[in-house]
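J.: One-letter residues, chain by chain:
2 protein chains.
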Amino acid sequence: MSSFLRVLVVAAALAASAEATMGATDTPPSESLVVTASSLGQKALSDPAAFDFVASLTTEIGQRLAGTEAHRRAVAWAEARLKAAGFENVHSEPFTLTAWIRGAESAEIVGPVPQHLAVTALGGSVATDANGIEAEIALFRTYDDLLAAAPGSLNGKIAVVTQRMVRAQDGSGYGAANRIRRRGPSEAAKRGAVAYLLRSLGTDSHRLPHTGALNYAEGTRRIPAAALAIPDAEQLERLAALGPVKVHLLLTPTVQENAPSWNVVGEVKGTTHPDEIVLIGGHLDSWDLGTGATDDGAGIAIAFGAARLIAALPQHPSRTIRVVLFGAEEMDFSGAAYAQAHEGEAGKIVMAAEADFGARNVYSVQLPPGAAGSDFGRTLERVIAPLGANLDRRPALFGGDDINGLQKAGVPVASLRQDGLDYFDTHHTADDTLDKIDQKQLDQAVAVWSAFTYLAAASDVDFRSLAATTK
Amino acid sequence: MSSFLRVLVVAAALAASAEATMGATDTPPSESLVVTASSLGQKALSDPAAFDFVASLTTEIGQRLAGTEAHRRAVAWAEARLKAAGFENVHSEPFTLTAWIRGAESAEIVGPVPQHLAVTALGGSVATDANGIEAEIALFRTYDDLLAAAPGSLNGKIAVVTQRMVRAQDGSGYGAANRIRRRGPSEAAKRGAVAYLLRSLGTDSHRLPHTGALNYAEGTRRIPAAALAIPDAEQLERLAALGPVKVHLLLTPTVQENAPSWNVVGEVKGTTHPDEIVLIGGHLDSWDLGTGATDDGAGIAIAFGAARLIAALPQHPSRTIRVVLFGAEEMDFSGAAYAQAHEGEAGKIVMAAEADFGARNVYSVQLPPGAAGSDFGRTLERVIAPLGANLDRRPALFGGDDINGLQKAGVPVASLRQDGLDYFDTHHTADDTLDKIDQKQLDQAVAVWSAFTYLAAASDVDFRSLAATTK
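Protein sequences appear in the order of chains A and B. Positions 5 to 475 (our numbering) are the ones given, in order, by the first sequence. Positions 5 to 475 (our numbering) are the ones given, in order, by the second sequence.
Only chain A is shown next, with the shape it has when bound in the complex:
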């Protein structure tokens, strides 16, 4: 069964069981919860706090690549912001990572005629020689074409994959194409290539390439790898159709082992069950090319803005809300670090959710298995419908890179799905800047998040056992 079909079958079964459950446990949700959650949502729609947060971060700090001085500045900035906003227990939890620092990067067509190519190194890429690499390209229009190439057939060549990424509201185009960036360098190396270029995983047509991390396969030669801007990938396609093309590529990134990072934490303490935790967050680190406005300044602004409104309520909800601004998502370090540090606490985290998909409106919410039919789910549905968001009966299968470690440790996760139709126009590029954020849409996301977070923290539903019985 394809994984997509499997999801459908599971979803159908869950929907059926949710209906059955609803009949059995149908108690009216507390009207006061609905009133408070709805009022939070309305406040969020005209609250400038989230936009101010991301405007200040991207203006006063700018890019904040994990492991660098810029990220350290961002951590101090974030702690001060959380404290000023009235969060409790504000602190930063250190961990280390292998930091990767971009160096010079350039590419030129040297034959048939000289032309500049817009490229950017993939995160984690090794460097070329100081003088760069000059080689003929072998161009593949799909990744499967590259995989079909025989071992040795790319000896001495620069492999180029120009497969297009599909634009989709839910970001599924990125998921489908991700292996081209993650695995492509090693697959090319296995076939003899000396370097690897891919058409940026993006949906725009600007001369601004999209970076992103690669994953070298163990035991395979590590070759330098970079992304081409989309017009440049198309230029190579046209030129390659006319004859041999030779490219010069220079990348000089460096690596720093045991670089410091921090997950920044602030809490809104619960009243009657302060040891039960609803964990929400996003990531404070960003790629270095833009200012990390939509990835993920917006995400942490949303979590901050939602929790801040709840903190200002005359009475906090029963459970504790913990906001975590993760410190190295782009290089895949912070989620694992957090899960490891909080291993003993996993059972106390009743639900986790991460905002890491841009700055647009939430159109749909997916909950842990069984939760859609619970009191919590039904109340949430009532509150978010007027905000323009649906409750999706399919369970959340994935909540975000930074809470994936928690999820593996048994923490139920939710997914508040934002409109990502244009997210990959600027994702991981120099163009990820504040002007790309529509404040009204950001505020809608804060509204849905505030209702979701408040209701989860005010609920006594045990999402973990609900998920266990629904499985």
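One or more hints might be untrue.
One copy or two, it doesn't matter: identical chains are merged, so the pair holds either way.
What the hints assert, rightly or not - Capping the alpha-carbon separation at 20 angstroms, the derived lysine to aspartate or glutamate pairs in EDC-like fashion look like this:
{"id": "1", "residue 1": "352", "residue 2": "280"}
{"id": "2", "residue 1": "250", "residue 2": "73"}
{"id": "3", "residue 1": "250", "residue 2": "64"}
Please keep in mind that the hints were generated in silico from the structure rather than gathered at the bench. It should be emphasised that the depicted structure is a prediction, and the values quoted were computed from it without experimental measurement.
Based on these hints, arrange chain B on the given structure of chain A.
T.: Below, chain B without anything else, positioned relative to chain A:
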């Protein structure tokens, strides 16, 4: 009287005189001309020649900055293309220019915190010191604010002007803002500035700055000047509102005196009046950042495509059609060179028109004074209306930079106005690439140009004396 009001008054007078003329000379246009011109238009709508022309030029040659080896390659390419398409008298007319060659260019905010700025040197800018310039900025939100600054008030500072350019279909936003780029560097220098930055003259919001030529004032210190990408200009506005901002700027362009260029020419010889010339063209040179697809690969493709269809007719029109691919428009050299070389011939050029405003559809045509009411004008109106273009009763005041010298020598000019609503999103940036061209819209432009060019060349109207009597 403002020049805009003056235009309206002149236009109203002309419209009135045109009505009067129509009554007096109202003979039905030759139906065979209408049939032929309409058929040319229809052919153009599905003729791939123009798109193929610009695709080949931008792919096989790429950028072609005047005075460089790349432009020399473009000249050879263009001659071969014109010959292969059946043009007569194909040749290139040499001239020299002061070529300006971009070097390294970078800018960084160095305080309050380090941040990268996307900049590009203005064409003609002098270089900074080899180590760059580091200075505090003085930011002006309008150009008039800069002009209001007292002499000496900018001593030792980098002047920054962040005035916005207005998006307008007819490109008038660019005309209004042009002095900010052309004159700003010298105005800043007069007030003591050591360098000059402006918000790019553009309507996008990408990290791709817009280059373009400056004009240093005689007798004023020449200071380095560059354009900021629009998000970067906005970032400086936000930072400057918070306190002092220090910027490091490095520009290392060089200049080559007496660099060679050529205006490439091809003709469709007229039958009965071959010495009367309808001159159409665009410019072959481009800025160096993109591949010059919309500026002006599209323009010369349109002129080429239109003339090529006429060349293929069983019978050529009475007058000669001369296609000129100008060789240094961006640096303001080719029009003057052409006018000077053809000084004695100006009286033979019955009309000139230049396509240099992108790749979109022609929505309106402006003719020399008096021509709208002539047989030619009325026939043209009939033929282009079904193509979605109007005849504008206001006379053409300007036909293009490369035919401005001819116009000053008395040559009547027409203006085939293309939709420029998004032209300045990519104009003079790295983003001016083939993917920005919509082939259907380009073909519509070729259709209108082919009808216009054919009818002008088949006409016996003396546009020069018509203009003289209408003035």
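J.: The structure should be examined with respect to each hint, and the outcome stated for every one.
T.: Each hint, compared with the structure:
For a Cα distance limit of 20 angstroms, the shortest separation of residue 352 from residue 280 inside one copy, 5 angstroms, qualifies, whereas the shortest one across copies, 90 angstroms, does not. In this homomeric assembly, residue 250 and residue 73 come within 20 angstroms of each other (Cα to Cα) only across copies, at 19 angstroms, whereas the closest approach inside a single copy is 38 angstroms. Within a single copy, residue 250 and residue 64 get their C-alpha atoms only as close as 42 angstroms, which misses the 20 angstroms cut-off; across copies the closest is 14 angstroms, which meets it.
Of the hints listed earlier, there is not a single one the structure fails to meet.
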